[in-house]
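My request is simple: use the sequences and hints to build the entire structure.
Chains F and X, in that order, are what the protein sequence lines are.
In this text, residue positions in the first sequence follow the working numbering: the first is 2, and each later residue adds one.
In this text, residue positions in the second sequence follow the working numbering: the first is 748, and each later residue adds one.
Just so you know, the hints here were simulated from the structure itself, not pulled from any lab data.
Just to be clear, a hint being listed does not mean it is correct.
Claimed, not checked - Restricting the straight-line Cα-Cα distance to at most 27 Å, the calculated cross-link-like pairs of lysine-lysine (DSS-like) are:
1. K449/F - K583/F
2. K301/F - K225/F
3. K225/F - K394/F
4. K1027/X - K726/F
5. K73/F - K1027/X
6. K73/F - K880/X
7. K493/F - K528/F
8. K419/F - K394/F
9. K1027/X - K972/X
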Amino acid sequence: MRFETPATINPIDQLKVVGKPADRIDGPLKTTGTARYAYEHHEGISNPAYGYVIGSAIAKGRITGIDLAAAKSAPGVRAIVTADNAGKLGKGDRNTAKLLGGPDIEHYHQAIALVVADTFEQARAAAELVRVDYVRTDGAFDLAAAKDIAKPQAVFGGPADTAVGDFADAFAAAPVQLDASYTTPDQAHAMMEPHASIAAWNGDKLTLWTSNQMIAWGVGEVAKTLDIPKENVRLISPFIGGGFGSKLFVRSDALLAALGARATGRPVKVALPRPFVFNNTTHRPATIQRIRIGAARDGKISAIGHEEWSGNLPGGRPEGAVAQTRLLYAGANRMTATRLAELNLPEGNAMRAPGEASGMMALEIAVDEMAERLGMDPIEFRIINDTQVDPEKPERPFSQRRLTECLRTGAERFGWNKRNPQPGGVRDGRWLVGMGVAAAFRNNLLTKSAARVRLDNNGVVTVETDMTDIGTGSYTIIAQTAAEMMGVPMEKVVVRLGDSTFPVSSGSGGQWGGNNSTAGVYAACVKLRESIAQKLGFNSAEAEFADGEVRSGNRRVPLAQAAGDGGLSAEDGIEYGDIDKKYQQSTFGAHFVEVGVDAATAEIRVRRMLAVCAAGRILNPKTARSQVIGAMTMGVGAALMEELVVDERAGFFVNHDLAGYEVPVHADIPHQDMIFLDETDPMSSPMKAKGVAELGICGVAAAVANAVYNATGVRVRDYPITLDKLLERLPNVG
Amino acid sequence: MRSFTYERARTPAEAAASAMRKPDAKFIAGGTNLLDLMKLEIETPAHLIDVNGLALDKIEPTQEGGLRIGALVRNTDLAADTRVRRDYGVLSRALLAGASGQLRNMATTAGNLLQRTRCPYFYDTNQSCNKRKPGSGCAAIGGFSRQHAVVGASEACIATHPSDMAVAMRALDATVETVRPDGATRTIPIAEFYRLPGDTPHIETTLMPGDLITAVTLPKPVGGKQIYRKVRDRASYAFALVSVAAIVQRDGTGRVALGGVAHKPWRVEAAEAQMPNGAKAVAARLLADARPTRENAFKLALAERTLGAVLAEAKG
Ligand SMILES: Cc1cc2nc3c(=O)[nH]c(=O)nc-3n(C[C@H](O)[C@H](O)[C@H](O)COP(=O)(O)OP(=O)(O)OC[C@H]3O[C@@H](n4cnc5c(N)ncnc54)[C@H](O)[C@@H]3O)c2cc1C
Ligand code: SF4
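And the structure:
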């Protein structure tokens, strides 16, 4: 089905099932521990062996020798895979560094070997016996030092740089100016389930049970790396214990499991140990950002400029932190610039809202600072500079843009009028109390997605698509979509996901999964409805699907009967025309945060949070809310604690476990509230929905930062905002 | 993890004797620290002596009016004990500020005292670390040292001791009781229990090889307001940047010990004379010989300010 013109009324608009806060259909499996994650599959996997990955001890250089003798003769060892004996390997297009390194080393903990043994413990013990000699070469590990030699680099299909009007002149002439620099650190996805895979070969056919957000991408990458046809690769990934972008691409666990299985002739299980996840896989790259805003005294922005520097391995991509600045605020004179430096740290890649999450961390502090210079309320300043058109290309309107309503609704609900604009002015016992606000912004992406739908003679509708559920609720919203379309209750829908034998979906990433994958299911259901109607001799345009029946005129046929013994099945997908070129599709929101800062110790604790989101039709308010409050939590982590600390001598992230890389715990998140504005976006798809899971993180950290400023009068521009950055500037106590 | 042999000890003396007999033997109690370190091959014992069956899990009154805490009393039980809560509040609070509920259910009194540093370079066997591999160097010096010691460190090691409980024990003047491999017993005042890193950061206590801790004894209650204040980046489940264990009497005299600043719980009795003069004076004496790194210099101000808040709370 091609989607080229705005959606009109369709069966989804009945909203009998879609739009309801249905419980997760996979909830019982998860709460009873029976949902199978990558490492836990047993069916069809007999006598597996266990692989343990060895990672490089240096960041850059060469292996000069590997002594495998002791490890090979250790108890239970069946094979040791290295680049030397793995055979010729290609490299997938989506990874920057090789998944199996050697002799050249591209980053710390790059996998260089897999020890396969009868038990996990044997493999781990033998791995410690492998002796590796290296020659180190100098690497670049310090973004600030590499900044001046960084080069322009395009990202996400957009240009590296954009310019409209005359930024330099307009900024120079502006009566009120801000020119400030901000930094965001490298961050880890820190999902619960580490990367894990089980590989089994049957002749020249490979099956990989893995934990992956993008099944079809994964198939292509594995096939390319092993130089085998795609048809010979099957990926199965029904449940994913979090990904946040780290599982968009196959990683070393998948490749090494496949190689280990080939070497031993047995299925092989590989999970990355936690300390490996941080340096072996990907992370969100650090940024340095410079923002300049010029405005007239009435608050109207005349010039806005945003420059970004980030680093990555040779061939890698920038973070893309200027993306939102091209679209968020009005202003006739504009510039953005993206600069990328070569660094020899582990691979930087997508993490929840790549680009905007980092960019909003800086931009929305800058906006707060600018409002203060203007003597304006930061909400009013944002509203004055709202725009209904793409400010770089005014001929492109936004499909929907209700930023102002988000800000106003939130201000009222949060009690913004109680905020004391004078920083450091509110005290509650030992706490200095402050409120902060930030806009939320993230683009909505359209990408094709297909599904197969089957109706059987019990009236059960089975949906199959390679879409993944990374904890987001895909199973549930897909069931709701099929139930709505076929006129059956959700209990009559079976959803099967995450298998490359199913039609190719959008997959999960970039907050595109919800809207696109359900639109694909919609398309398949339309086709199934047609074939049912046709079989019954109904006019398909008039056939009504409700209460488990098909009705037309005075005829009613139960679906089970319509299916007949053979059942009926249809496959289709959604494909998009250029509607997203004509209209800019984005999602909007506003974040409100109240913090307390301990007057003595400068410990920062969030007291309450609110998000208001306008993101198209909300397919399931319950799962969508979970996405947003989870994202808000992640934003608090980004604001207050998350930082992969670079050892600039040895070139690696030092705090590579969950004791050293802190993310928020329950005690850090006291009260979260969230509101969805009632919205449908007919430009997005027949579902009229958009993404929401990444919108929820964009802007949160800046709202926290702005609240800390309001509480203390101390402006911190380098994340995370830890107490040591405030302490010296807090008033004396005691 | 290397393979190892395993035994269940039946009596404390037998456990100690076995530890002496078997090379590279270690006791295992809750295992919450030791097993993690074994999986990473930071600890590589060839033999484990499980002490969990030794019936050292009681809290009993002593003749002197104090409490004798068995080495195997779990952190959860110790924190919840009514006598501890009433008379040694600083200990209960310190325990509850540490780790998580699940860990405290397993963690034992002796194991907690002997938990090892959380220096990230100690945890990465690719990095040089004198504590893990004597003579290999110290990657933390000149590296990521935000968590590290500001006082009492050496050229060989700047690690901190991560225990919260031990800081309270130090303020309470606890005594560690051990049994030697020959069956003899020894009591070690906590002030003499931990060592500074010096040239031998791998030797952390004054225990002798084979020594088994059987109990920790608390002297008669000293009363006063007992406060444990732990400062950290997140609200729970994190090690201290700085912590203060304080016992403050009505007249403003008392005791303070700091956590998160040194290779051992940090207490300088002479500094306590300054307590009536306020936090600044106390901190100045406590941290007189501090030599922080660029990354952890903030701990000096933080310790002083936290102490200030604690003394104010004690007054109020
Ligand atoms: C994620 C995490 C977070 C944590 N956070 C904190 C925190 O915030 N604050 C804090 O204080 N602690 C924290 N801890 C540490 C925790 O308190 C310790 O792991 C625990 O107290 C160790 O006790 P155990 O009985 O498990 O010791 P084990 O792991 O069994 O043993 C530890 C050491 O003590 C030795 N040992 C044990 N018993 C005896 C004995 N009777 N005689 C002689 N030697 C003995 C063992 O040989 C071993 O060397 C944390 C731990 C983890 C894993
Ligand atoms: S500080 Fe101590 S524990 Fe850390 S690396 Fe140096 S020697 Fe090892």
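**Message:** So if I understand the rule, the pair passes when the alpha-carbon distance is 27 Å or less; does K73/F with K1027/X pass?
**Reply:** Between K73/F and K1027/X the Cα gap is close to 61 Å, so the pair fails against 27 Å, i.e. violated.
message = For a C-alpha distance cap of 27 Å, please report whether K301/F and K225/F respect it.
response = 52 Å, violated
request  = Compare the distance between the alpha carbons of K73/F and K880/X with 27 Å, and conclude whether the hinted pair is satisfied.
outcome  = 25 Å, holds
*Going straight from one Cα to the other, do K493/F and K528/F come out at no more than 27 Å?*
19 Å, holds
Restraint status (C-alpha distance of K225/F to K394/F at most 27 Å) | 39 Å, violated
Does the structure keep K1027/X and K972/X at a Cα separation of 27 Å or less?
-> 20 Å, holds
* Keeping to a limit of 27 Å between CA atoms, is the pair of K449/F and K583/F held or broken? -> This hinted pair holds, its Cα atoms lying about 18 Å apart.
Proposed proximity, K394/F with K419/F (alpha carbon, max 27 Å):
38 Å, violated
Measure nothing beyond the straight line between the CA atoms of K1027/X and K726/F; if it is 27 Å or shorter, mark the hint as holding.
-> Distance of about 21 Å is within 27 Å: holds.
Going down the numbered hints, you'll see the structure goes against 2, 3, 5 and 8, while the others check out.
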